[in-house]
Each structure stands twice: as C-alpha cells, then as structure tokens.
Amino acid sequence: MGEIEKNHIRTNAQKEEKILEFFYDENFRKKDKDLFNQYIVSKVNLARNETIENAKMANASDYTEQIKRKKTATVTEKMFVIGKDEPGFNLLFYTGTNYYDRSNPQSGRKENLTRQLIKNQLSKVNKKGKTYVVFGGDLLGSEWEIKYLRNAEIKDGKILYYGMNKRKERLIWDVKAYLHTAEKLGIKKIDVYLMGGAQEHKIKKELGRDILQEACEELNDPRVHYIDEGVSLGVNVIKEGSGITGILGLQTNQTGKAKTINGANRSSIRDNGELLANLIFRCNSNVVGKLTGDDIYNVSTQSTYLRTPRGQKPDLHAKYYDVFWVNLENPYEFSVVVGGTNIFDQNVALEQKRHENIVRKNLLLDQTLQIVKSKLHENIMEKNDEIEFKDISEVEYGA
Amino acid sequence: MTDFEKALIDNKELKVSFDRDYLNSKDERMEEILRRAGSDALDSTPIIPIKIESANSHICLIPLYDIHMFGEGFNLKRFQLVCDYLMNVSNACSFIGGDWYDNANKDSKTNVFNSKTNVSQALDGGEYLLSRIRDKILFILGGNHDAEFGDRVRANNISPAKESAKKIAPYIPYNALLNIKLKDKEFSAFATHGSIAKDPDALSKKTLKMCQRYGVVPDLIFSGHVHTELTFRFLVSVPVTNRDGIVTGYKTKNVSVEVLPSFQGNNEYATSLGYNNDYTNAIAYDIAFEKNPCYTQSTQNTEFEYMLRVTKFPVLKKMSNEYTSFAKEYMEMYHEPDKEKLKEEIADKLEEDKMQKALTDFTDALNDLEREM
Numbered sequence: 015m016g017e018i019e020k021n022h023i024r025t026n027a028q029k030e031e032k033i034l035e036f037f038y039d040e041n042f043r044k045k046d047k048d049l050f051n052q053y054i055v056s057k058v059n060l061a062r063n064e065t066i067e068n069a070k071m072a073n074a075s076d077y078t079e080q081i082k083r084k085k086t087a088t089v090t091e092k093m094f095v096i097g098k099d100e101p102g103f104n105l106l107f108y109t110g111t112n113y114y115d116r117s118n119p120q121s122g123r124k125e126n127l128t129r130q131l132i133k134n135q136l137s138k139v140n141k142k143g144k145t146y147v148v149f150g151g152d153l154l155g156s157e158w159e160i161k162y163l164r165n166a167e168i169k170d171g172k173i174l175y176y177g178m179n180k181r182k183e184r185l186i187w188d189v190k191a192y193l194h195t196a197e198k199l200g201i202k203k204i205d206v207y208l209m210g211g212a213q214e215h216k217i218k219k220e221l222g223r224d225i226l227q228e229a230c231e232e233l234n235d236p237r238v239h240y241i242d243e244g245v246s247l248g249v250n251v252i253k254e255g256s257g258i259t260g261i262l263g264l265q266t267n268q269t270g271k272a273k274t275i276n277g278a279n280r281s282s283i284r285d286n287g288e289l290l291a292n293l294i295f296r297c298n299s300n301v302v303g304k305l306t307g308d309d310i311y312n313v314s315t316q317s318t319y320l321r322t323p324r325g326q327k328p329d330l331h332a333k334y335y336d337v338f339w340v341n342l343e344n345p346y347e348f349s350v351v352v353g354g355t356n357i358f359d360q361n362v363a364l365e366q367k368r369h370e371n372i373v374r375k376n377l378l379l380d381q382t383l384q385i386v387k388s389k390l391h392e393n394i395m396e397k398n399d400e401i402e403f404k405d406i407s408e409v410e411y412g413a
Numbered sequence: 264m265t266d267f268e269k270a271l272i273d274n275k276e277l278k279v280s281f282d283r284d285y286l287n288s289k290d291e292r293m294e295e296i297l298r299r300a301g302s303d304a305l306d307s308t309p310i311i312p313i314k315i316e317s318a319n320s321h322i323c324l325i326p327l328y329d330i331h332m333f334g335e336g337f338n339l340k341r342f343q344l345v346c347d348y349l350m351n352v353s354n355a356c357s358f359i360g361g362d363w364y365d366n367a368n369k370d371s372k373t374n375v376f377n378s379k380t381n382v383s384q385a386l387d388g389g390e391y392l393l394s395r396i397r398d399k400i401l402f403i404l405g406g407n408h409d410a411e412f413g414d415r416v417r418a419n420n421i422s423p424a425k426e427s428a429k430k431i432a433p434y435i436p437y438n439a440l441l442n443i444k445l446k447d448k449e450f451s452a453f454a455t456h457g458s459i460a461k462d463p464d465a466l467s468k469k470t471l472k473m474c475q476r477y478g479v480v481p482d483l484i485f486s487g488h489v490h491t492e493l494t495f496r497f498l499v500s501v502p503v504t505n506r507d508g509i510v511t512g513y514k515t516k517n518v519s520v521e522v523l524p525s526f527q528g529n530n531e532y533a534t535s536l537g538y539n540n541d542y543t544n545a546i547a548y549d550i551a552f553e554k555n556p557c558y559t560q561s562t563q564n565t566e567f568e569y570m571l572r573v574t575k576f577p578v579l580k581k582m583s584n585e586y587t588s589f590a591k592e593y594m595e596m597y598h599e600p601d602k603e604k605l606k607e608e609i610a611d612k613l614e615e616d617k618m619q620k621a622l623t624d625f626t627d628a629l630n631d632l633e634r635e636m
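In order, the protein sequence lines correspond to chains V and A.
Counted from 1, the first sequence has number 153 at position 139 by the numbering used here; the numbering is strictly sequential.
Counted from 1, the second sequence has number 417 at position 154 by the numbering used here; the numbering is strictly sequential.
Think of the hints as simulated: they come from the structure by calculation, not from any bench.
Virtual Cβ for every residue (Gly too), placed ideally from N, Cα, C.
Don't take each hint at face value.
Residues of chain V clear of chain A, computed beta-carbon distances all greater than 12 Å [unchecked claim]:
#1 K29
#2 R116
#3 I132
#4 G257
#5 E288
#6 V350
#7 E365
Computed cross-link-like contacts, DSS-like style, restricted to lysine-lysine with a CA-CA straight-line distance of at most 27 Å [claimed, not checked]:
#8 K581(A) <-> K98(V)
#9 K375(V) <-> K516(A)
#10 K142(V) <-> K314(A)
#11 K253(V) <-> K581(A)
#12 K124(V) <-> K602(A)
#13 K602(A) <-> K389(V)
#14 K375(V) <-> K604(A)
#15 K142(V) <-> K554(A)
Computed footprint of chain A on chain V, listed as stretches where at least three residues anywhere in the stretch have a Cβ under 8 Å from a Cβ of chain A [claimed, not checked]:
#16 37-43
#17 119-131
#18 304-311
#19 328-336
#20 376-383
Chain V with its partners taken away, still in its complex shape (with noise of 0.2 Å):
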C-alpha cells in the first residue's frame, strides 16, 4: 500500500511528467536525451528555467551553419547502373506505408499481408536487370504526435499508441523482407534506396530525428542507401559500354488532397517544384497513373485511403502501378514498360507450340485443298475428254 502510495499520480503536473515519460520512451532511444530536452523546450513549453538562465543568444556563424544544413540538392549522388548485358532495371516502388497510424492503415495490414504484397511485387522482377526498390516516403506516419499519445484509447490497461521507434522497426523490418524474399526468389541484384516525405520532414524537424539515416545504420547493409539529398532529385542513369545517360527523377513530397488529376497535378507541382529530368516517378500523389503528356509516372503507395480533407469520407487509393521496367534506348531517352516484364510463364512457350501447331495445319490444310481441288479438275478435264461433242452448227434447231 505504501509503494502504491508513493508512486501515485496526484496532480495534472505528475500527469503530465508521465506522459512526456511514455512519449519519450515511445519516440527517442536511450542516447537521444538531449533531443528529447529539445522537443520539450520547441514544442510543449516546458522549458526548464535553469535552460532559460542559462541560455544565450546565437550569433551570424550559427545562422550560417544552420542555413548550411538545409537540403538545396537537384541531383543525388546515388546513380543506376546498367550494365553491359543487362536490357534494363526494375524499379519497384514502396511508399505511404503511414506505419501504425489509425485513420489510414498500410494497405494489407490488417491481414497481415504486406508480406505477400512484397513477394507479389518481386515476383514481377525481371532477374536480367538489377532491381532497385526505392521506399518513397510517407512511410512513418503521422500519428505519433504528443496530441495522439494524449487522446489515446486505453484498453485492457494499454495505451493504444505507437511512437517513433516501434514505427522504425516497421521499416527495417520491411526492408529485411525486401531482401530475404528477394534471396528466396533467386534474384541477386537488389538495391533499396530510403527516401524521405513529407511525414519524414516534419519527423526531423519536430523530434531532431533522422529515422531513415538510424534504419540504414541499423540494418549495415552495402545494399541498402539512403537518398538524403532532399524530396525532389535527378538521379543518373548510366548505361556501361554505350556512353548513354540519362535523368531520372524522384519525386516524394505530397501533401494535397486534391482527387482530381488537374488538382493532383498543380499540387504536386506546388509541392515538388519543377524538375527537369527525361523520366520521372512521383510517389505519394492522391492521383495514380501517367497523368500528362510528359513522362511522370504517379506511382501507387500502400495507403488504405487518399489523403482527405477533414469530414469527407475518404476513397480507397489505387493499387498496383508501382512495378517498372525502365531502360536507356537512346541518350535521354527512356522506355518504361509498367506492370514489370517477368511475363514469360510456362504457359506461353506451350501455347506458342501449339500455335505454331495450328499455323502448320492450317497451311497444310490449304495446300492439300489445292491439290485436291487441281486433281478433282484434272479428272474433270480427262472425262470431258471422253464425250464426243456434236458439231452444233450443223444442228438444225426444231428438227
């Protein structure tokens, strides 16, 4: 009784040290204190007063140094490779995955099928071609905000919420599928590149967390990159022994609501600004398809719904147009076929036999209808032969 005692919640301010406690335990690592101390004294306004005394004002160099750190990039120091014998590449897309947020789940999830998705993805993979998967953004979510932990249900004695680093395992665990499953299918060229969104941004600037960075360092793979350069980049295609390049784009900021394909197109444009590449693939967009004349590729996300405005009822997203086979045929000049070229089933070489079967009967049939037909007129000819004709003009015609 008297341990209950001591360790009971009594006032709104122990209340609120608890929360801050679960939200730090929910979204910081152990070692992330100091950034945890900085998301208090931005966000909720409870700074310290000894952080107050304590604390100057910065001057010009700083200014400098933060500026500095703003991401300007056009291009990523990331490139894709063709090589020599190879016709192509795959680029398989997985993006929206909003980890753990309630109003619009990954789609599948709910099954526990976001495994079979991966392999149905991969399954697609053209293994004459390296494979990049590029995870696009919007993939952490957005419900891990202190509002959320606030507001959460709490069932059976649990919180019903999930903070930043349950949603970090999410991601290193999908890209663990990524390559295990890749393994199993027997395809030995796979790359993943991390790209960040807009719920990526907010994250790093609200809780001084780089997710994707901490996933990378985590999983120490060769094949697995991270594309930090910002939200909106020129990759370079190179096509070994030809001299051919080309640019690719990428495009992962999204944040319109807009379901209409003007109203997807001028917010993406809104949100990703203009980039000049030869092809380019934006991920995130409410709009799925190829939209305009140019060569931009909406790819599908994992999301359940669309992004809504609030007090719509939200439609179902689109899915299955993130699966591309992509190759250089001309400097800048790029061919995509959509849907993924491991087409070639078993049922094609047979059907194809017994097509060739059909072509050779039919040929056969005609010329044997010819040579019968030749033969059949021949004996007609031979009989008419046989009879001898009247002259008719000594008939006399009545008699």
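We have chain V; now place chain A onto it with these hints.
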C-alpha cells in the same frame, strides 16, 4: 462455306462474336434499324457488346488510335512498323479507335491543304494499308474526324470510315463493350474514341455510368482523341451478385483509363494550341490473369480471387523508328512462325510418293462417290 473452310476458322485461337441485334446479319441489322426508327428510341451514345474468346492465357492488344491516314503530320513509316509488329506477334490483335481518316468532313480542324494526299486518295490508301492487317483487326470505331462524332447537325455525316470498314472489319459507330475470355477467366474492357468526355476524370465517370445498364464495371477503358498517352487508375467497389441477381456484397477492383497516342505528328492546328505532337506511337498491352495477393479466407467477401495483370509497353522508340527493347523481346517470345518456310516443308512432304498416292486415292474415292450419286 465449305467444311474445309469452316475447319480452318475453327482452328483459330481467337474467336470474335458481336451483339446479335447488331452485326450478325444484314437482315437482322436492318430489322433493328427500322425498329428503332419506328419507336421512341433516341440515338444517345449506344454501346455494342462484343465477345472475344482466346485459347491463350495472354492476349496482346495493340489499339490503333487517331491514325489520321495521310493527313497533315501522319507518320507512315512508324505506322507500317506497327503493322509489321502486329503481323509478326502471334497473340497480337488490334482495333481501330476512331479518326482513321483526317479530313472526312468540313468540321475537321486540320488544314486540308497540308494533307499528304487528297481525301479520295486517303480513302484508297487507308484501305490498302489496313487490308494488310485485316486478320488482326477485331473492329473499327468511329471518331469525330470520320464524321461519326462531332456536330451532327452541320457536317456531312456519311462516314467514310464505315464504308471503308466494310472491306476490313466490323464497324462500331460509338462505343464497344468487350467481354474478353482468356481460357476460363473473363474481364471487360470499354473502347471509345474519346470525344464523349473532356478528360480522363470525366471519361471514367461517364463510362461507369454507361456500363451500369449492362451490370458491368470494365477493368480497362480505352480512349484516344487527345493525341497524348495517359493513364489514370482508380479503385472502385463493384457490387457482386448471386445467381438470383441479389447483391451480396462489394469487392474492390482497379480500373484503368488508357488514353492512347496517335499517328499524327505535328500539324498546324496542334501547334497553334501549343500541343507537342512529336510523339507518335502505338502502345501494346499484354493482358493475363494472376492470383490476387490480398485474397484470403477473411477477405474473400471484399476481394476478387483473380485480378488482371496488365503489362503495358511502347512498341516504338520515341527518337528513332525502331522497336523498343522490350517490344523486340516480346516479339521474339511470340514470333509468328515463318509461313513461307513452313509452306516449302509441307510442299516437299506432299511431293513424296506416299503422299501423292494417298491424295490420288482420295480423289478417286471422291470421283466414285460422285458417279454413284
């Protein structure tokens, strides 16, 4: 039709049949036309159902939209390459998506004096070019340049496309609703020229509404008219009925609006509007079925067991008159056998004494039968 000719037709892997009231016979068509003329029926935008059955698990559909034969900007070389591709790929078939001709009526926006030939020559040339691939064309849709769509009140409405089509393939004036069966599985596709709606958003809504009266939600919607390659994909909840027609639930399905590019390159009209019409091409769709990864015991009420797998690829490179690398690979996989070589092999076999004797015996038997009769 002789038994031999019938046997030849029965050996085809693709069978196409049309709505009974529409194209089965001339008499039945006339009966339908007269019935409509005598009734209160309005000629709103009708749909002609077409059934296509394939013995194969894959079909390669290469719709040819907005050819604008011999009009300003028509690219003959690229069109011929696509025709060759159709002939050389065994499972490929096509349909003409409207605007076969360019200046078939006074409403045409392209400058008739910039055409490569006059209209009469375009008709002759168009029939000649399409007669080569006649066996691959399932049907021909009317377009606004063919005088079928467009303002009915003003222009000459005797559609040259319809007259030319008599020599090539069945003519569908407005829209076709295809029911395509690949072995034992079916899907639906809707084909229209595209001038019925101003953009893919509007087209998708209009199409779904039109198909509702047939109780169908098409998986694919083919369109053209805007001379630009576009795709718009969205998810719909489709009502599922039992044998008695009672709706038992809703299942989700991806629907794709596919807007095809044209064979008409740059012209005065397009340039004046700032369009970039450099890109002329045909797009091929390899269509098959695959198991839906989201289908399980718990999701069987909301997910279909099988879904369409569509692999879409351009036939030609943009900057050169060559096939794209995957188009070449596809053609190698599905290459039409060399008929001349096969004919020679068969002719050699038929020349053999054994075969000659068998054929002579056969014709003698026919003669005996004829004598008896």
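Hints and how they fare:
1. Annotated as non-interface, K29(V) keeps its C-beta farther than 12 Å from every C-beta of chain A; the closest such distance is 40 Å.
2. Its beta-carbon lying about 19 Å from the closest one in chain A, R116(V) satisfies the requirement of being farther than 12 Å from that chain.
3. A beta-carbon of chain A is positioned within 12 Å of the beta-carbon of I132(V); the least distance is around 9 Å.
4. Residue placement check: G257(V) keeps its beta carbon more than 12 Å from all beta carbons of chain A (closest about 16 Å).
5. The beta carbon of E288(V) sits about 16 Å from the closest Cβ of chain A, which is more than 12 Å, so the claim that it is off the interface holds.
6. Once the 12 Å rule is applied to beta carbons, V350(V) is inconsistent with being away from chain A; the minimum gap is 8 Å.
7. Not every beta carbon of chain A lies more than 12 Å from that of E365(V), the smallest distance being close to 5 Å; the non-interface claim is violated.
8. A threshold of 27 Å between alpha carbons decides the hint, and for K581(A) with K98(V) the separation of about 22 Å falls inside it, so the pair holds.
9. Of the supplied pair hints, the one linking K375(V) and K516(A) is violated, its CA atoms being roughly 41 Å apart against a limit of 27 Å.
10. The hinted pair formed by K142(V) and K314(A) fails the criterion: a straight-line CA distance of about 37 Å is larger than 27 Å.
11. In summary, the hint linking K253(V) to K581(A) is supported, as the alpha carbons are separated by about 18 Å, within the 27 Å threshold.
12. Between K124(V) and K602(A) the alpha-carbon distance is near 55 Å, which puts this suggested pair outside the 27 Å criterion.
13. For a cut-off of 27 Å, the pair hint linking K602(A) to K389(V) stands: about 24 Å separates their Cα positions.
14. Restraint check for K375(V) and K604(A): satisfied, since their Cα atoms lie roughly 14 Å apart, inside the 27 Å limit.
15. Proposed proximity of K142(V) and K554(A) is supported: the alpha carbons are some 24 Å apart, at most 27 Å.
16. Chain A is given as covering the stretch 37-43 of chain V, and this is violated because 0 residues of the stretch bring a CB closer than 8 Å to a CB of that chain, at least three being needed.
17. Only when three residues or more bring their CB closer than 8 Å to a CB of chain A does the claim for the stretch 119-131 of chain V stand; here the count is 6, and the claim holds.
18. Only when three residues or more bring their CB closer than 8 Å to a CB of chain A does the claim for the stretch 304-311 of chain V stand; here the count is 4, and the claim holds.
19. Note: the stretch 328-336 of chain V has 7 residues with beta-carbon separation from chain A under 8 Å; the three-residue rule is met and the coverage holds.
20. Coverage of the stretch 376-383 of chain V by chain A holds. Counting CB-CB distances below 8 Å, 8 residues qualify, and the rule asks for three or more.
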